Amino acid sequence: MTVNRIGLVVHGGRAEAVAAAHAVRAWCAEHAVGCADIDVWQEGARHSAREELDAAGDPDLIVTLGGDGTFLRGARLAAENDALVLGVDLGRVGFLTEVPASAVRAALDAVRSERITVESRMLLTMRASCRLEVPAQMETLLKYGRGPMLPPPRVRVECETGDNWGVALNVTALNDVVVEKLARDRQVSVGVYLSGRLLACYSADALLVATPTGSTAYSFAAGGPVVSPRAAGLVFTPVAPHMVFNRSVVAAPDEPVALRVLERSGQAAVSIDGQLRGVLSPGDWIGVYAAPRRLKAVRLGPTDFYGRLRERMNLTDAPAALADGEAAPLWPVTSPPPGDLAHLALPPAPGDGPRPL
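Residues 1 to 357 in UniProt numbering are what the sequence shown lists, from first letter to last.
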């Protein structure tokens with residue numbers, strides 16, 4: 001594809017990220033490609049994705065240099081501009097990023113010569129009973145030891161009102177939307193609705209709605225399922241609920257999840273991809289939906305999500321499974337499966353070649 005302009009999102013606190021940024025700028029200079037650093041904390045304040053993109057000259061490729069948190073920042077920009085996003089891995093987990101820093105020039109060459117695939121990932125969007133705002137005293141408290149906060153989500157101008165459906169917020173989430181307690185000594189009480197029907201009323205530390213991509217983040221830590229990032233669905237997971245039913249529920253993409261703060265609950269914080277974006281009071285609610293747009297992530301080869309899951313989560317085989325035999329075979333995702341497993345391959349679709357296992 002033609003890359004006319006690259007936007008750089010760099011974790012400035014890591015020397016290797018700064019060095020990798022120099023390599024990207026050098027590549028851009030060699031190929032007459034525009035390049036702009038996107039400093040989301042410029043001048044001590046956070047800006048909206050639209051403001052950041054306008055300042056960067058509307059890049060068509062966002063390159064993130066850092067870990068998964070940096071990738072989430074870049075994904076927010078890419079989704080706003082319908083741009084591609086390429087994650088360079090300099091973090092500790094690396095579920096979202098694609099290439100190591102040493103391969104960043106080769107990755108840019110691959111993008112330029114169209115030797116890539118584009119993976120489409122589901123995003124979330126929201127409606128709310130009111131505009132989301134963070135009280136001034138809370139913003140002051142949270143600034144201790146942190147960077148500036150993101151601004152409150154904007155209302156989408158084309159649908160500022162929706163009868164009884166609240167206001168549509170111009171916000172997207174790649175990982176999750178979380179409603180959590182504000183006071184340490186008081187849980188949040190929330191009525192949870194799936195596709196317009198009451199599922200249950202929960203008293204819990206938090207309740208979250210995750211994408212399949214976000215299923216390996218907060219939702220996983222709270223006991224939720226691992227979902228293939230190629231799937232589409234909304235994963236609802238309660239965090240430390242005071243009730244017997246503590247399971248996750250996976251809803252279809254067209255089944256929104258609504259969370260209403262109940263009358264006797266304390267206030268609740270709303271976080272989007274780990275960023276506090278507002279506070280709800282009793283009677284307020286949010287609705288979480290599959291977003292109409294999707295993230296376009298650059299992939300340089302076959303996605304080995306399950307191999308990465310095994311590696312990143314340090315999965316080990318059960319001793320009982322190996323006591324009387326050999327370990328199950330492992331093989332690279334880029335090579336054919338062993339002959340004795342070839343029968344497990346999916347049959348080819350009409351007009352397609354053989355599909356790998």
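Honestly, the hints are just simulated from the structure, not real lab data. Quantities reported herein were computed from a predicted structural model and do not represent experimental measurements. Among the hints, erroneous ones may be present.
Claimed, not checked - Listed below are the simulated DMTMM-like cross-link pairs for lysine to aspartate or glutamate, each with C-alpha atoms no more than 20 angstroms apart in a straight line:
| id | residue 1 | residue 2 |
| --- | --- | --- |
| 1 | K296 | E133 |
| 2 | K296 | E30 |
| 3 | K296 | E16 |
| 4 | K296 | D82 |
Unchecked claim - Ranges between beta-carbon positions, derived for each pair:
| id | residue 1 | residue 2 | range |
| --- | --- | --- | --- |
| 5 | E30 | L309 | 32 to 42 angstroms |
| 6 | D185 | P100 | 37 to 47 angstroms |
| 7 | D58 | A221 | 51 to 61 angstroms |
| 8 | T2 | V244 | 48 to 58 angstroms |
| 9 | A106 | R5 | 14 to 24 angstroms |
| 10 | T2 | S102 | 46 to 56 angstroms |
| 11 | G223 | P329 | 23 to 33 angstroms |
Think of the CB as a built atom: it goes at the ideal place given N, C-alpha and C, for glycine as much as any other residue.
Hints, one by one, checked against the model:
1. The hinted pair formed by K296 and E133 fails the criterion: a straight-line CA distance of about 29 angstroms is larger than 20 angstroms.
2. Our distance criterion of 20 angstroms between C-alpha atoms is broken by K296 and E30, whose separation comes to about 26 angstroms.
3. Between K296 and E16 the alpha-carbon distance is near 25 angstroms, which puts this suggested pair outside the 20 angstroms criterion.
4. Taking the CA atoms of K296 and D82, the gap is near 8 angstroms; set against the 20 angstroms cutoff, the hint holds.
5. A C-beta distance of roughly 37 angstroms is found between E30 and L309, which places it inside the suggested range of 32 to 42 angstroms.
6. Checked against the given bound of 37 to 47 angstroms, the beta carbons of D185 and P100, roughly 45 angstroms apart, stay inside it.
7. Separated by about 36 angstroms at the C-beta atoms, D58 and A221 break the suggested range of 51 to 61 angstroms.
8. Between T2 and V244 the C-beta distance comes to about 56 angstroms, which sits within the given range of 48 to 58 angstroms.
9. At roughly 20 angstroms, the beta carbons of A106 and R5 sit within the given window of 14 to 24 angstroms.
10. At roughly 26 angstroms, the beta-carbon separation of T2 and S102 lies outside the given 46 to 56 angstroms, and the hint is violated.
11. In this structure the supplied range 23 to 33 angstroms holds for G223 paired with P329, their Cβ-Cβ distance being about 30 angstroms.
The structure fails to meet hints 1, 2, 3, 7, 10 from the earlier list, while all remaining hints are met.
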